[in-house]
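Sequences listed follow chains A and B, in order.
Add 26 to a position in the first sequence, counting from 1, and you land on the number used in our numbering.
Add 26 to a position in the second sequence, counting from 1, and you land on the number used in our numbering.
Since the hints were made in silico from the structure, they are not lab data.
In this text the structure is predicted, and so the values were computed from the model without any measurement.
Don't take every hint at face value.
Treat identical chains as interchangeable: a pair holds within one or across any two.
Distance condition first, Cα-Cα at most 30 Å in a straight line; then the derived DSSO-like pairs of lysine-lysine [stated by the list, open to error]:
1) K308 x K110
2) K128 x K400
3) K51 x K164
4) K85 x K231
5) K320 x K310
6) K296 x K239
7) K320 x K234
2 protein chains.
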Amino acid sequence: MQKIVSSVTAARGFKALGINCGIKKRNKDLGLIFSEYPAICAAFFTTNALTSSHIQLDKIHLKKSPHIKAIVVNSANANCCTGKMGFYDSLSMAKETAKVLKIKPEEVIVASTGIIGQRLPIEKIKKAILKFPLFLHKRGAGDFAHSILTTDTRTKEIAISLKIAGKTVKIGGVAKGVGMVNPLMATTLMFITTDAAINRVALKKAGKLAIAKSLNMITVDGDMSPNDSLFIIANSLAQNKIIKPQGAEFKKFSDALSYVCNQLAKLLIKDGEGATKFVVIKVKGAAFQKQARKIASTIANSLLFKTMIYGGDPNWGRIVSSAGSADKNLNIKKLDIYVGHKKIFSGGKPTKTDKRILRKMFLKREIEIILDLKSGRQQAVKYTCDLSPEYVRINSKYRI
Amino acid sequence: MQKIVSSVTAARGFKALGINCGIKKRNKDLGLIFSEYPAICAAFFTTNALTSSHIQLDKIHLKKSPHIKAIVVNSANANCCTGKMGFYDSLSMAKETAKVLKIKPEEVIVASTGIIGQRLPIEKIKKAILKFPLFLHKRGAGDFAHSILTTDTRTKEIAISLKIAGKTVKIGGVAKGVGMVNPLMATTLMFITTDAAINRVALKKAGKLAIAKSLNMITVDGDMSPNDSLFIIANSLAQNKIIKPQGAEFKKFSDALSYVCNQLAKLLIKDGEGATKFVVIKVKGAAFQKQARKIASTIANSLLFKTMIYGGDPNWGRIVSSAGSADKNLNIKKLDIYVGHKKIFSGGKPTKTDKRILRKMFLKREIEIILDLKSGRQQAVKYTCDLSPEYVRINSKYRI
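Could you build the full structure based on these sequences and the hints that come with them?
Pasting the structure below:
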């Protein structure tokens, strides 16, 4: 497995583009991924009861058509809480895209991200779609990566290649964050393309495993978006022997996909709104998976923890308190806490750690915190970022 | 029922004091409430698995003695995660206080609030306790209110008097906040004194009802403290017929106690760390209490909601999204949202509200938001505040 360039167009048969259609003033806000060959698609959506129009339409298209050929995405407008007309706008985007690409509307997936509750400027979008054939290009991945950004400060892209049964298979991915990030199943917009030949059940299974090792591990602010979507599309042009949902070849593909999603998830957290630090929280020695996950997630979302990380304040009591609030039966006396592999808490009280060393550990840009409950063999890992005044600034005037 | 002055010393037989013992540089950091007559005590503690030494000691004292006479409190140090020695420090505080007041150690309740993980300067505290008889005074409630503050910008006090079976009964209360506020059972430190004659079961029952209508309704940051405690002490000096856990007199007392706790809870939120706005979130028309509570609490703790309130940004989509994330079966199409009694969302989309009016509503210092699920008769109310850069500033360098 090795890293290669160009993300979503790295695999054979994929082209992409990103242009401005006028939702944003100047920056790219409309993107397309196109597969020349019919591709199967595994899609994962938010579990929010509020879903954007694009999700409602995609569910219909994915039922109607056994494969897809295009994904069209707009940023800066979520097309959510926009009623029936919002749904028709999504449908128009799909239809217009299908027309210029000479494919069927149900072969088009639509995605939106941005502000909730405003209609899309659909006429502007339709006009821009007419230009798609002009811009679509094998080297268009970078433009696409730009076109899906909202408050992101940089693009998130990765591609890898690996050998499966003697054939070279490529997997490329792109994602956008960076607020309203707290997944259950999926989060943000993430698009993965691969030329692997794989059956539908295997792709879905590999996708689920990848989510568990990536999107379900991260949190920026504990808020869940109504637009969260992950699409994994595979067009089989690598001509490898079809991957089935078990065996060594599945494991190889699944691990590679997990790696791609995990890398993108890390990039999302590192570019979290206002984030200045990247934190890994590992809870091990838990009696149950649920216990480990609850504790890791409570700490990762604690405002007091996140602000202390921002300030580099070694106020470790907040870690203990947060763990205790997550699980009222937690045995604090058994708990060991490590920061940067140094034990700082044991037997219900702090270890004798030099104050300057403690402070230094919390001043690092990447911090790993391990909680060992010493009560079992289960563990969970969360990636999170700090909470800075910049997060407040960004989100206090998102709409005005 | 009418408001009177002087909070915890308003009721007959109570004195108080607040002095500096040297944990803080200059401000008051050690306080005492004293009842001349034995008082019964209803105590409610945090459900955090991590509990401070004072809670461990109080539980023993409350079992040992049927009544109490004194509550001694220090601020700026939580005496939590301090191991066995921390427990002995709490015990020393109780013993020393008992000695100077000529009462039994188990008649003393101890409470601490402040930073986690540092030993108390117990010698300084013991020295200061010797001065208690000098400062103890019927007019000491204000000093006590000051002595329990941490990042609070002002004291929180209230007292009322009411008639119960022809006798005048007084209830006074004082509380401190103002971060790590997200209750389950109780939160912060809150002390209530009353001269009512009431039996133990009735006092506990009235306390539980009061918590439901006050401390369990509020959130500042979703973090739960290991020191949260509410103490209600009643010394029966009003000489009313003993209040039992039912009937009209119980209802009168219970309502008055709920009122006192509710007023203090509001004061806590208004003085939330960095808070500039006070928000009431009411979820009504829910099928189940649990549904209403979950939705109200998810919105009240949403960072995106709290930052938008700070900025006065009418980004109402975040309210809908937050509600949808709290209950994945929520019927968004049935949901009505009112801000300041104006309907702004209905039938899955925004109503036609003038943009300037909408903006004005979100610029107010006190904002009421009502979500009507139109699915039943259950409701829940939460008080919350906004999230400002000041919250981040305070909490990023609490310890350094």
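Checked hints:
In the homo-oligomer, the alpha carbons of K308 and K110 lie at most 30 Å apart only across protomers (28 Å), although the nearest pairing inside one protomer, at 44 Å, exceeds that limit. Taking the shortest alpha-carbon separations for K128 and K400, neither the intra-copy value of 60 Å nor the inter-copy value of 46 Å comes in at or below 30 Å. For the identical chains of this complex, K51 and K164 are intra-copy neighbours only, at 26 Å inside a copy versus 67 Å across copies, given an alpha-carbon limit of 30 Å. In this homomeric assembly, K85 and K231 come within 30 Å of each other (Cα to Cα) only inside a single copy, at 18 Å, whereas the closest approach across copies is 51 Å.
In this assembly of identical chains, K320 and K310 lie within 30 Å of each other by CA distance both inside one copy and across copies; the values are 12 Å within and 29 Å between. Taking the shortest Cα distances, K296 and K239 sit within 30 Å of each other inside one copy (17 Å), while across copies they are farther apart (41 Å). With identical chains, the CA atoms of K320 and K234 are at most 30 Å apart both within one copy (20 Å) and between copies (27 Å).
Consistency with the previously given hints fails for number 2 only.
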